[in-house]
Amino acid sequence: MQARTVTHMWARRINCPSEDAMLSDIKAEKEATAMRYRCSARKASLQIDFINYMDQLGRIIGCVPDMGWKMFLKDPKLAFMYTCFSL
Numbered sequence: 001m002q003a004r005t006v007t008h009m010w011a012r013r014i015n016c017p018s019e020d021a022m023l024s025d026i027k028a029e030k031e032a033t034a035m036r037y038r039c040s041a042r043k044a045s046l047q048i049d050f051i052n053y054m055d056q057l058g059r060i061i062g063c064v065p066d067m068g069w070k071m072f073l074k075d076p077k078l079a080f081m082y083t084c085f086s087l
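The UniProt record's numbering numbers the first residue of the sequence shown as 1 and each following residue consecutively.
Keep in mind that the hints were calculated from the coordinates and are not lab data. Some clues are possibly wrong.
DEER-style ranges, computed between Cβ atoms [as the list claims (entries may be wrong)]:
1) 78 <-> 10: 18 to 26 Å
2) 28 <-> 67: 21 to 29 Å
3) 83 <-> 19: 39 to 47 Å
4) 72 <-> 14: 24 to 32 Å
5) 72 <-> 31: 19 to 27 Å
6) 54 <-> 19: 32 to 40 Å
7) 6 <-> 28: 37 to 45 Å
8) 31 <-> 76: 36 to 44 Å
9) 85 <-> 15: 35 to 43 Å
10) 12 <-> 65: 19 to 27 Å
In this text the structure is predicted, and so the values were computed from the model without any measurement. Just so you know, even glycine gets a beta-carbon here, dropped at the ideal spot from N, CA and C.
Using the sequences and the hints, build the whole thing.
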């Protein structure tokens with residue numbers, strides 16, 4: 001997903017956010033991580049919520065799957081597998 005995001009940036013399909021937006025996002029992520037893991041700042045800097053991170057990258061490049069009711073109507077077997085066997 002990271003490679004796809006970088007490739008989109010190199011191909012100029014997406015642009016980097018402004019520096020202010022990036023700094024505010026970093027601050028918000030640090031605060032959320034500190035609240036989530038309740039450990040030292042050094043350990044918290046190494047932690048990441050993988051699913052949320054992948055969803056963020058997917059939203060940036062526009063490839064987040066629709067896990068709503070449309071999935072249940074379009075592909076009931078996939079919806080069953082997702083509902084019963086997802087993390």
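Results of checking the hints against the structure:
1. 78 <-> 10: 18 to 26 Å: Since the Cβ atoms of residue 78 and residue 10 sit about 32 Å apart, the hinted range of 18 to 26 Å is violated.
2. 28 <-> 67: 21 to 29 Å: Taking Cβ atoms as reference, residue 28 and residue 67 lie about 24 Å apart, which means the hint holds.
3. 83 <-> 19: 39 to 47 Å: Taking Cβ atoms as reference, residue 83 and residue 19 lie about 41 Å apart, which means the hint holds.
4. 72 <-> 14: 24 to 32 Å: holds (30 Å)
5. 72 <-> 31: 19 to 27 Å: violated (36 Å)
6. 54 <-> 19: 32 to 40 Å: With Cβ atoms ~24 Å apart, the hint is violated.
7. 6 <-> 28: 37 to 45 Å: At 22 Å between Cβs, range violated.
8. 31 <-> 76: 36 to 44 Å: 40 Å Cβ-Cβ, so the 36 to 44 Å window holds.
9. 85 <-> 15: 35 to 43 Å: holds (37 Å)
10. 12 <-> 65: 19 to 27 Å: holds (25 Å)
Of the numbered hints listed earlier, those contradicted by the structure are 1, 5, 6, 7.
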